[in-house]
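Asks: These are the residues of each chain, in order.
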Amino acid sequence: MARTWSRWLPAAAVPLVVAGSVAFAAQAGADELPERTPAEILTLLADRDHQPFSGEFEQTSDLGLPQLPGGVELPDDAAGDAAAVTAVLEALTSDHSGRVFVGEQDQARLQVFETFGERDVIVNGNEVWAYDSGDNSATHTTLPADADATTAAPGQQYRPDEVADHLIDAVGPSTELTVREDVEVAGRAAYDLVLTPRTDATLVGEVAIAVDGETGQPLRVTVTARGEATPAFEIAYTSLDPTAPDADLFEFTPPAGADVEEVAPPSDQGGDASASAQHPEPSVIGTGWESVVIIDAGATGLGDEPLLAQLTTAVDGGRLLGTDLVNVLVADDGRILVGAVPLERLQAAAAE
Amino acid sequence: MPADAVAVRARTHGGALLASELRVLFRRWRTWAMLAALASIPVLMAVVVRLSSEPPGPGEGPPFLDQVTNNGMFVAVTALVVTTPLFLPLTVAVVSGDTIAGEASLGTLRYLLVAPAGRVRLLLVKYLSAVVFCLAASGTVLLVGWAIGVALFGAGEATLLSGDTIGVGDAVLRSLLVGAHVSICMLGLAAVGLFISTLTDAGVGAMAAVAVLTIVAQVLGQLDQLAWLHPWLFTHHWLAFADLLREPVVWTSFTQNALLQAAYVAFFGALAYGRFSTKDVLS
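Which chain is which? The protein sequence lines are A and B, in order.
Residues in the first sequence are numbered consecutively from 1, following UniProt numbering.
Residues in the second sequence are numbered consecutively from 1, following UniProt numbering.
To be clear, the hints were calculated from the coordinates, so they are not data collected in a lab.
Don't take each hint at face value.
If you want a taste of the chain A side facing chain B, the calculated C-beta under 10 Å gives, among others [said to hold, decoys possible]:
{"#": "1", "residue": "F113"}
{"#": "2", "residue": "E114"}
{"#": "3", "residue": "T115"}
{"#": "4", "residue": "F116"}
{"#": "5", "residue": "E118"}
{"#": "6", "residue": "D132"}
{"#": "7", "residue": "N136"}
{"#": "8", "residue": "L249"}
{"#": "9", "residue": "T253"}
Treat the numbers as computed from the prediction; the structure is a model and nothing was measured.
For each residue, glycine too, the CB sits at the ideal point set by N, CA and C.
Just chain A, with the same shape it has in the complex (with noise of 0.2 Å):
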């Protein structure tokens, strides 16, 4: 039996031939895009047409906090604001995945997938539609007629293309940019725009914006934290199809049997529907990078809530909920602040 060992090769073969072809896979190169400057890229961004798609995304988090137990249960009573922080907490903290489609001007389709369970907003018009299918509950907003429908619905911060325009139209003189080396998203070539805070007084080390060198979409937003070397937070696509999405996926009626609920629209335009209506206009100092927000909750009694005391704390003047890129000072007094700063930037803002 001198050639046994020849009869092991396929199961050597194997490895060899599957790791070859992930990398294969990886590899696969960008086209060559030609060079342009963060001015004209911002233009770029900003001149892009309207154009249907679908997409698949996925957005990650590591901001050095505790990941929160799936599916945390808020006490029965806990009040629209308690809520809303959860909800906010665990879009921080948790890992999300879904799809994005685009059809006309004014139709949209968000889906966050859970594991056996699917969050859908869906915009039509003026009709905006929201599916949870966890507890089988929809909820129905009519939108006045001159509002945009697509930046108005809820659930915006999932979707790459909103939160990168988000933070370019919040760039301002405080902020440099620089064009990195080309990369690659969902299959498509693009320019990596890097926006720098001028500032040492915040939090956040860099901002980069892959923008799609073609059509000026933007493909993926990462945040990284001052001083560490991979993002605290990425929001991605993973693949993008430039092609119209089935019109029937923008027309949604709710299933039988489901809660449905009529929900005003929201007063102010571009908030939150449930917490514009029922939270406290918040009041920001400073500008830029170094903007801290103020919210006045003392009433709502949200400091007390055990949940918030179990992430936060102790510090000079409140609880502290501390991550690589945001901190959260609920303030003695009951008032929250957050802010992409320093902690020391924070007790002061709540001194004066």
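Model the placement of chain B on the given structure of chain A, informed by the hints.
Replies: Just chain B now, with coordinates in the frame of chain A:
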């Protein structure tokens, strides 16, 4: 079975060998007992839901259970959710772990190898019979689920995870897809079982090892620290068939799973070949 019968069985060729292998598999009481146990899951679920005074609400019980009162065919889907993590792989572990080791412990393996058919063909036939069992096992859950569901609740409209409503024809198609996904999931496990079965002469040991591996892989899949490993675990996409119940269907996990299982079949098939073709068969 008498030794000369085994020798006759082995001397026949190709398809005939597989046919006789399948006859042996489906003539065993053990096989039918396992299929009956699998069939009892959808029956139990449907009967309990039918007899309970109020139907399960959304989010109560296993996924999709609240759907079955609208469309009985979802009994099949819920039963597949329940059986996929443990029950189904357990039966596949028994059959695939027994393939070679079972013959060795009975002392019939060497009679099988007397034939010119050769070891490679025997290995192939053994694996194919395990594959047929995988299909039979998930097919049993699916068909019994359909039958009992439609009998107790009737067929009607069903709600997908995305909130869209589909008709009966679409529901049949979707649950067929779920059944196909689950069957494909078991193919990699059957290949692992075949390899382990060539390592030992103790059938029970091989079965237990395969079952333990299934559990270990699922436990590893729960550990966040091993996130880099997760896409390579054969259990990674086992419950991903929820993606087939979205509108429109998300094919990513289905195709990724098919590729992953194919890689497992190729790798452990090759390992089984390496081991079995160099093994001294003494019994």
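Asks: Minimum Cβ distance from T253 (chain A) to chain B below 10 Å?
Replies: Since chain B brings a Cβ to about 7 Å from T253 (chain A), closer than 10 Å, the hint holds.
Asks: Classify the hint on D132 (chain A) as holds or violated, based on whether any CB of chain B lies nearer than 10 Å to its CB.
Replies: Result: holds, 8 Å to nearest chain B Cβ.
Asks: Hey, does the N136 (chain A) contact hint survive, CB to chain B under 10 Å?
Replies: 4 Å, holds
Asks: Take the shortest C-beta to C-beta distance between E118 (chain A) and chain B; is it under 10 Å?
Replies: 4 Å, holds
Asks: Return the status of the interface hint for L249 (chain A): holds when the least beta-carbon distance to chain B is below 10 Å, violated otherwise.
Replies: 7 Å, holds
Asks: Interface hint check: T115 (chain A), Cβ to nearest Cβ on chain B, cutoff 10 Å. Holds or violated?
Replies: 6 Å, holds
Asks: Take the shortest C-beta to C-beta distance between F113 (chain A) and chain B; is it under 10 Å?
Replies: With Cβ-Cβ at 7 Å, under 10 Å, it holds.
Asks: Checking hints one by one. Is F116 (chain A) an interface residue toward chain B, by the C-beta closer than 10 Å rule?
Replies: Since the shortest Cβ distance to chain B is 4 Å, the answer is holds.
Asks: Quick check on E114 (chain A) please, does its C-beta sit within 10 Å of some C-beta on chain B?
Replies: With a minimum Cβ separation of about 8 Å from chain B (threshold 10 Å), the hint on E114 (chain A) holds.
The structure shown violates none of the earlier numbered hints.
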